[in-house]
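A.B. asks: Spelled out, the chains give:
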Amino acid sequence: KNEVEQSPQNLTAQEGEFITINCSYSVGISALHWLQQHPGGGIVSLFMLSSGKKKHGRLIATINIQEKHSSLHITASHPRDSAVYICAVPSSGNTPLVFGKGTRLSVIA
Amino acid sequence: EAQVTQNPRYLITVTGKKLTVTCSQNMNHEYMSWYRQDPGLGLRQIYYSMNVEVTDKGDVPEGYKVSRKEKRNFPLILESPSPNQTSLYFCASSLAGTANYGYTFGSGTRLTVV
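The listed protein sequences correspond, in order, to chains A and B.
Per the working numbering, residue 5 is the first one in the first sequence, and the count goes up by one each step.
Per the working numbering, residue 5 is the first one in the second sequence, and the count goes up by one each step.
Okay, chain B solo, but in the shape it has when bound:
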């Protein structure tokens, strides 16, 4: 089944403790992206990758890191999480990342930083 797999689904952590949210897709998509979703603000892009070893900042990249060492994986790293990073996170992939191709989303990761 074609899918984007995110892990974990839920995570509670403490301020400053490094964490990684994994994202993997099995569709050989070139484009992958991370978003955060907050009440009243909608989906905002954190980072995206148009291909292996190519990553770019989105609208809200501060406090996050990503890497794209292989096509299928695009982990999101929070080196020193803070409470304002409490949010619902989604990973997505697309064949090419342009509007003419459909996007597939992961199931989401609800992160709470205390």
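Looking at chain A on its own, in the form it has when it is part of the complex:
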């Protein structure tokens, strides 16, 4: 079964800072997901990626399949980016997802 590690667990940043959240996993995968959960809110899918890089607005996700590592970057962070960011990968092969414990981000104005 895939083991997912996210770092850091908690992150506080000043508005405008560049933010990086990391995700490492133990078993080779077909795709990796990044999810966002706002305080008191539901969970929304940000990215699904199997190679390279994807960008959506100020969010950028990268993955290195050989290193079994992915990063989520937020450029010009804003208080509305405050949320828990969750990395998810298949348990093994192409099976349903297992989830990291999340990174709690607080962006202060």
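Treat the hints as calculated values from the structure; they're not laboratory data.
Every value quoted in this text rests on a predicted model; they were computed, and no experiment measured them.
Check the hints yourself; a few may be wrong.
What the hints assert, rightly or not - Computed footprint of chain B on chain A, listed as stretches where at least three residues anywhere in the stretch have a Cβ under 8 Å from a Cβ of chain B: (1) 23-36; (2) 53-67; (3) 99-110.
Unchecked claim - The calculated label-pair distances, taken between Cβ atoms and stated as ranges, are: (4) V118(B) x I69(A): 46 to 52 Å; (5) E66(B) x T79(A): 27 to 33 Å; (6) I69(A) x G20(B): 44 to 50 Å; (7) V58(B) x G20(A): 47 to 53 Å; (8) G67(B) x Q13(A): 24 to 30 Å.
To be verified - According to the in silico footprint, chain A covers these stretches of chain B (three or more CB under 8 Å from chain A): (9) 39-47; (10) 107-118.
The beta carbon of each residue, even a glycine, is placed where N, CA and C say it ideally should be.
Go by the hints and put chain B onto chain A.
C.D. replies: Same frame as chain A, now just chain B:
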């Protein structure tokens, strides 16, 4: 609008009183799943279903039941709730349940068992 609908959003109940949390999706997805989310533990899978009449245990199935009689609905049943089932619950669906397809989550159900 494509969505996963969970009800209720909040529920306080007493130990031993059977309850059902409903989950419905309107995207014709094959795969549906239930998770619980606890502080410091992240999302843990309770049960999942790859298709109608097919259900499988996840990582923490004890004390829960599910059924998948029709594609759109996947209710979570707690026959005799206990305080350790106090948690935030999420239902999710996906076209096929594999990592190559996106997941859509419900808004969550916060359950308190006293």
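A.B. asks: If a hint holds in the structure, say so; if it does not, say that too.
C.D. replies: Cross-check of the supplied hints:
no.: 1; hint: 23-36; verdict: holds (count 4)
no.: 2; hint: 53-67; verdict: violated (count 1)
no.: 3; hint: 99-110; verdict: holds (count 8)
no.: 4; hint: V118(B) x I69(A): 46 to 52 Å; verdict: 47 Å, holds
no.: 5; hint: E66(B) x T79(A): 27 to 33 Å; verdict: 44 Å, violated
no.: 6; hint: I69(A) x G20(B): 44 to 50 Å; verdict: 49 Å, holds
no.: 7; hint: V58(B) x G20(A): 47 to 53 Å; verdict: 49 Å, holds
no.: 8; hint: G67(B) x Q13(A): 24 to 30 Å; verdict: 28 Å, holds
no.: 9; hint: 39-47; verdict: holds (count 5)
no.: 10; hint: 107-118; verdict: holds (count 6)
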